[in-house]
Amino acid sequence: GNSVTQMEGPVTLSEEAFLTINCTYTATGYPSLFWYVQYPGEGLQLLLKATKADDKGSNKGFEATYRKETTSFHLEKGSVQVSDSAVYFCALSLTGRRALTFGSGTRLQVQP
Amino acid sequence: GAGVSQSPRYKVAKRGQDVALRCDPISGHVSLFWYQQALGQGPEFLTYFQNEAQLDKSGLPSDRFFAERPEGSVSTLKIQRTQQEDSAVYLCASSLFLEGNYGYTFGSGTRLTVV
Numbered sequence: 457g458n459s460v461t462q463m464e465g466p467v468t469l470s471e472e473a474f475l476t477i478n479c480t481y482t483a484t485g486y487p488s489l490f491w492y493v494q495y496p497g498e499g500l501q502l503l504l505k506a507t508k509a510d511d512k513g514s515n516k517g518f519e520a521t522y523r524k525e526t527t528s529f530h531l532e533k534g535s536v537q538v539s540d541s542a543v544y545f546c547a548l549s550l551t552g553r554r555a556l557t558f559g560s561g562t563r564l565q566v567q568p
Numbered sequence: 007g008a009g010v011s012q013s014p015r016y017k018v019a020k021r022g023q024d025v026a027l028r029c030d031p032i033s034g035h036v037s038l039f040w041y042q043q044a045l046g047q048g049p050e051f052l053t054y055f056q057n058e059a060q061l062d063k064s065g066l067p068s069d070r071f072f073a074e075r076p077e078g079s080v081s082t083l084k085i086q087r088t089q090q091e092d093s094a095v096y097l098c099a100s101s102l103f104l105e106g107n108y109g110y111t112f113g114s115g116t117r118l119t120v121v
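Top line first, the protein sequences correspond to chains H and Y. For this note's numbering, add 456 to where a residue sits in the first sequence, where the first one is 1. For this note's numbering, add 6 to where a residue sits in the second sequence, where the first one is 1.
These aren't lab readings, by the way, just hints derived from the structure by calculation. Some hints here could point you the wrong way.
As the list claims (entries may be wrong) - Computed far set for chain H versus chain Y, every beta-carbon distance over 12 Å:
1) F518
2) T526
3) V566
Unchecked claim - Only part of the chain H face toward chain Y is listed, based on derived beta-carbon distances under 7 Å:
4) P496
5) G499
6) A555
7) G559
8) S560
Don't be surprised by glycine CBs; every beta carbon is placed ideally from N, CA and C.
Using the sequences and the hints, build the whole thing.
Structural data, given as structure tokens:
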């Protein structure tokens, strides 16, 4: 079956620290990969995506590279801000099946 | 509307009660999804509509769960004879496109608590 595994949180960082949130996946086909973010009290928002191997998705200083050889899509940011505090979800979708399969989420807390 | 709107925002139901959760997608969005998010977990797929057609309901956990989108816009998720394990946040998402590669717009969800 299809599944997404994320590192457990919470991840607590100081402002301007480097962020990595690990994500690996198992898929029966060739998936598209996503990172969604959920700020407190808000709905899930698409942060970035990649649709084929070696693609790099980027947005708001966040980046993730689709690594087919390691089945990974790790999220990185060079310098986090307090406003980045949220829950981050890695997800995949398969062509022909439109539903998303999500990981369990990683809570990020950034302290000033 | 500007975003996906869900109502009510919070719902407390007594065990055995029926509930109806509403989703107003972004106008013109073809695809509509329902997801269930248990506390501390990622969302899990329930069902998918393309316009008014329910094309995938493989994620509905039991026959107590029923969804409809009769005119291809507003959708309602109904849960009959609610149980405590139904307590979760129910998320609705919509997309202009048929394929999932472009991502979806999610609503803020309805938090259902069954007591």
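Beyond 12 Å from every chain Y Cβ - status for F518 (chain H): 14 Å, holds
G499 (chain H) as an interface hint toward chain Y, with CB separation required under 7 Å: Holds, because the Cβ-Cβ distance from G499 (chain H) to chain Y comes to roughly 4 Å (cut-off 7 Å).
Restraint check, 7 Å cut-off on beta carbons, for P496 (chain H) near chain Y: For P496 (chain H), the interface hint is violated, since the closest Cβ of chain Y sits about 11 Å away, which is over 7 Å.
Beyond 12 Å from every chain Y Cβ - status for T526 (chain H): T526 (chain H) is indeed farther than 12 Å from all Cβ atoms of chain Y, at 21 Å.
Interface hint for G559 (chain H), Cβ within 7 Å of any Cβ on chain Y: Result: holds, 5 Å to nearest chain Y Cβ.
A555 (chain H) as chain Y interface residue, shortest Cβ-Cβ below 7 Å: With a closest approach of 4 Å, the A555 (chain H) hint holds.
Minimum Cβ-Cβ distance from V566 (chain H) to chain Y exceeds 12 Å: 20 Å, holds
Proposed interface contact between S560 (chain H) and chain Y, which counts if any beta carbon pair is under 7 Å: 5 Å, holds
The structure fails hint 4 only (numbered hints given earlier).
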